[in-house]
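Generate coordinates for the entire structure from the input sequences, incorporating the hints supplied.
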Amino acid sequence: MLLFSIIIPVFNREQALRSALESVLSQTMQNYEVLIIDDGSSPAIAAKIQHLVDSFEDTRFKLLRHKINKNGAAARNTGIHAASGQYICFLDSDDYWLPNKLELVFNCIKTKISDEYFLIHHHCLLYTSPSPRDATLS
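Residue numbering for the sequence shown follows our numbering, beginning at 2 and increasing consecutively.
Note that these hints are calculated values from the structure, not bench results.
These figures come from a predicted structure and were not determined experimentally.
For glycine and all other residues, C-beta sits at the position ideal for the given N, C-alpha and C.
Treat the hints with care, since some could be wrong.
As the list claims (entries may be wrong) - Taking CB as the label site, the calculated pair distances span:
| # | residue 1 | residue 2 | range |
| --- | --- | --- | --- |
| 1 | K111 | S20 | 24 to 30 Å |
| 2 | S20 | A48 | 15 to 21 Å |
| 3 | N32 | I69 | 30 to 36 Å |
| 4 | K111 | N70 | 20 to 26 Å |
| 5 | K68 | S24 | 39 to 45 Å |
Here it is as structure tokens:
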């Protein structure tokens, strides 16, 4: 079973995206897919993003495109709908992860989670509840 779906929205930015993708490839846990959502970049930049993603020659990388810019939230939602992993992680295209990011997240999940909804944000803090609307910090 695919463990993580990593969603990376990008708009008119290919240089920083390379660092983000390289940081994902350097993870100590490799059970993931990467959904790169091009949120309506200009044709020239979109072509560079396509070339960059193709240059990694990694079948876990999937590039999805919006024809027009819809904003980062819409791009994330597109990624969520396309995700196959058990857990969803977000990475901004101008950010990067340390090599043990997914391992730390997974260890946190293993030790803290029940069947309820949860969110891990930077640290191992869990927001749990039967419904996301009723979440409390635990």
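Could you work out which earlier hints the structure fails to respect and list their numbers in ascending sequence?
Checked against the structure, the hints that fail are numbers 4 and 5, while the rest are satisfied.
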